[in-house]
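Respectively, the protein sequence lines represent chains E and X.
In this text, residue positions in the first sequence follow my numbering: the first is 7, and each later residue adds one.
In this text, residue positions in the second sequence follow my numbering: the first is 50, and each later residue adds one.
There may be inaccurate statements among the hints.
To be verified - Stretch by stretch, here's where chain E covers chain X in the computed footprint (C-beta under 8 Å, at least three residues): (1) 285 to 294; (2) 299 to 313; (3) 322 to 332; (4) 445 to 456.
As the list claims (entries may be wrong) - Calculated pairs, SDA-like style, for lysine to any residue (alpha carbon to alpha carbon, straight line, at most 20 Å): (5) E/Lys180 / X/Ser449; (6) E/Lys180 / X/Lys393; (7) X/Lys123 / E/Glu197; (8) X/Lys123 / E/Ala148; (9) E/Lys35 / X/Lys323; (10) E/Lys247 / E/Glu77; (11) X/Lys267 / X/Lys299; (12) E/Lys55 / X/Phe321; (13) E/Lys180 / X/Val389; (14) X/Lys323 / E/Glu207; (15) E/Lys147 / X/Gln126.
Stated by the list, open to error - Chain E is nowhere near these chain X residues, computed Cβ spacing over 12 Å in every case: (16) Asp95; (17) Ala121; (18) Ser179; (19) Glu200; (20) Asp204; (21) Leu213; (22) His237; (23) Arg241; (24) Ser249; (25) Thr280; (26) Val342; (27) Ser354; (28) Leu382; (29) Ala464; (30) Asp465.
In case anyone wonders, no lab produced these hints; they're calculated from the structure.
All C-beta atoms in this analysis are idealised placements derived from N, C-alpha and C, irrespective of residue type, glycine included.
Residue strings, one per chain:
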Amino acid sequence: MSKYNFDYLDELEAEAIHILREVAGQFEKPALLFSGGKDSITLVRLAEKAFRPGKFPFPLVHIDTGHNFEETIDYRDKMVARLGERLIVGSVQKSIDEGKAVEQKGKNASRNALQTVTLLDTIEKHQFDACIGGARRDEEKARAKERIFSVRDEFGQWDPKRQRPELWNIYNGKIHKGENVRVFPISNWTELDVWNYIRRENIELPSIYFAHDRDVITRNGQLMAASPFVNMDEEDVVERKKVRFRTVGDISCTAAIASEADQIDDIIAEISQSKISERGARMDDKVSEAAMEDRKKGGYF
Amino acid sequence: MNILKFFTAGSVDDGKSTLIGRLLYDTDSILADQLEAIQNANRKNDDGTVDLAILTDGLRAEREQGITIDVAYKYFQTDQRKFIIADTPGHIQYTRNMVTGASTANLAIILVDARNGVVEQTIRHSYLVSLLGIKHVVVAVNKMDMVDYSETVFDAITQKYKSLAEELKLQDVTYIPVSALKGDNIVHPSERMAWYSGDSLLHFLEQVDTDVQEKSEKARLPVQWVIRPQTDELHDYRGYAGRVVSGTFKVNDKITVLPSGANSTISKIEFFDKELAEASSGQSVTIHLATDVDISRGDTIVNSSALPQESKLIEADLCWMDTKALDTSITYLLQHNSKVTKVKIAEVVYKVDINTLEKHAADEFKLNDIGRVVLKTADALALDLYHENKANGSAILIDSRTNLTVGATMFRALAD
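Work the whole structure out from these sequences, hints included.
The structure is reproduced here in structure tokens:
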């Protein structure tokens, strides 16, 4: 019956577009959370497919920790200019200046956790009733159980005990005043699916996803970018290494992996193989570099 | 490569966790940290091998804390297919969980313990599979290692299940003897059951045809959103955005918009920067019509030669999913694709005892109850019956006081 060649990426794409259009149809003031990472970049492409040639029915919202890789901010600004869409920036620095958030102290200080304060503030200020995010269910155990439409209370809290059953392709976006819904259109995608989609669609990514020479320090077994935002002391040895990042976030908590993969094909090969090498190393402690990322996925961070 | 969504029905005792664990383990789908956890765990099988059931331990811990997480989704992939497992934990609120997991599944694996055969629980699971209209069923007769891999035991269970399958009108049932614990016939064919010549479970999952029976030929597109750029150069642009839930639309097809009944012709089908000659079920597209028609979200575009039924009185099977019982005196909301309308439960026709499959008259409908009701909607629905077209024959009920999803309904007939 199905003559057309509708493969798994087409199916994931069509599902995500359906979800984005449900958000547009069901909510008054939605927003798309844009981190500059590959998952939210994928969301932007899906939004183009869902709504062009019209405007997006939502602004892009970037929660800016102030501790960014320059490359991602460049990328963001160019992308917004190309899209002609509205960008709202919620500043963690501002939350700190206003005393709403307190900077962490010590060597491993990061602004990752502070983002939540700024996010909730931004949601409240703009009265967003739905926030679209790029989280995936394969990332970690808790996410595997979260709904595509995930209702949060006034404090942004997820209550796994009170989740609504989600049946067929019907999404219940009804909420009370003050509540909002987090929506995850790429819930059913895996990391590999995202990369395969980026390759197929020929989507440009920030350069830090590809192998490049960078000054790094090794901390707790992980490679961190040597940066003014990372608290360093005399124990830290700065080395020049060829690395790439598998995720993009606050510079103070985003670890790099040693990699030679400077082309998307190489990255996909690396990710596909990382599962096998983990399996290959299953009876000993030879943990591959990619496994470090997978550990993070398992809830280590 | 396409996607197969499936779920497994069985309790912890049937080895459901071990089966899922075995599938993931033998397809190299387990991440390093999980593997380490299994190897370092104190819990081992009697013969010293690792206990794969630990892979679903997260869920068990939740149960110990009294938290009910109804469905967890797991992903793995082979060269043939991408697989999505809806993992529905056993004990608490089992019916609700299973119905939720089953609603999006192409296939159900029903686990039967070879030592116990077809039991009450098997009947319950199979009934829910038939209720949800899942076309492909695999009866995995597990723990074959505990019955000396006996063909006689397997045949007896198969015979017993066949009469149940007939009673429930399950059409496509495949029987596979397995040992999830030892890995027999899960991914690799078993050498210990030379008498079995069929597929291993994974091989079956890789090649089972999901297209054939799944979808109706009748073309339906619930409109989700109207694209109107209203710019100078796209002044007259009006695109109706939605996902084709069944059938195929082609350019120049005559279509009808419901509920208004307005007729028009498809002038263009767009997908982002491409123009398509046709769009089939599953595709999210934008449709343009030759004439000006008033269309908004909640309307359905259908092929004029295959109109759906329209009714405000519908007989439906209902699965109740809320801790607060059904109240026939109040008005609920019914969400059918992109359409939301008010609804009352005009009548409870009967309730089903899912252990015996007997029907009883009933006044109340509580959590996990299933039965037949008559829905009375404020607006007429453009619907198909569930067995002909799942996507246009199903809806959810929402309690407007709590906004919770309280029921799942499957349309069975128009009521008088």
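Comparing the hints with the structure gives:
{"no.": "1", "hint": "285 to 294", "verdict": "holds (count 6)"}
{"no.": "2", "hint": "299 to 313", "verdict": "violated (count 0)"}
{"no.": "3", "hint": "322 to 332", "verdict": "holds (count 6)"}
{"no.": "4", "hint": "445 to 456", "verdict": "holds (count 6)"}
{"no.": "5", "hint": "E/Lys180 / X/Ser449", "verdict": "8 Å, holds"}
{"no.": "6", "hint": "E/Lys180 / X/Lys393", "verdict": "18 Å, holds"}
{"no.": "7", "hint": "X/Lys123 / E/Glu197", "verdict": "13 Å, holds"}
{"no.": "8", "hint": "X/Lys123 / E/Ala148", "verdict": "12 Å, holds"}
{"no.": "9", "hint": "E/Lys35 / X/Lys323", "verdict": "29 Å, violated"}
{"no.": "10", "hint": "E/Lys247 / E/Glu77", "verdict": "18 Å, holds"}
{"no.": "11", "hint": "X/Lys267 / X/Lys299", "verdict": "12 Å, holds"}
{"no.": "12", "hint": "E/Lys55 / X/Phe321", "verdict": "5 Å, holds"}
{"no.": "13", "hint": "E/Lys180 / X/Val389", "verdict": "11 Å, holds"}
{"no.": "14", "hint": "X/Lys323 / E/Glu207", "verdict": "13 Å, holds"}
{"no.": "15", "hint": "E/Lys147 / X/Gln126", "verdict": "18 Å, holds"}
{"no.": "16", "hint": "Asp95", "verdict": "20 Å, holds"}
{"no.": "17", "hint": "Ala121", "verdict": "5 Å, violated"}
{"no.": "18", "hint": "Ser179", "verdict": "17 Å, holds"}
{"no.": "19", "hint": "Glu200", "verdict": "33 Å, holds"}
{"no.": "20", "hint": "Asp204", "verdict": "35 Å, holds"}
{"no.": "21", "hint": "Leu213", "verdict": "25 Å, holds"}
{"no.": "22", "hint": "His237", "verdict": "15 Å, holds"}
{"no.": "23", "hint": "Arg241", "verdict": "24 Å, holds"}
{"no.": "24", "hint": "Ser249", "verdict": "19 Å, holds"}
{"no.": "25", "hint": "Thr280", "verdict": "8 Å, violated"}
{"no.": "26", "hint": "Val342", "verdict": "18 Å, holds"}
{"no.": "27", "hint": "Ser354", "verdict": "17 Å, holds"}
{"no.": "28", "hint": "Leu382", "verdict": "7 Å, violated"}
{"no.": "29", "hint": "Ala464", "verdict": "22 Å, holds"}
{"no.": "30", "hint": "Asp465", "verdict": "27 Å, holds"}
Consistency note: the structure conflicts with the earlier hints numbered 2, 9, 17, 25 and 28.
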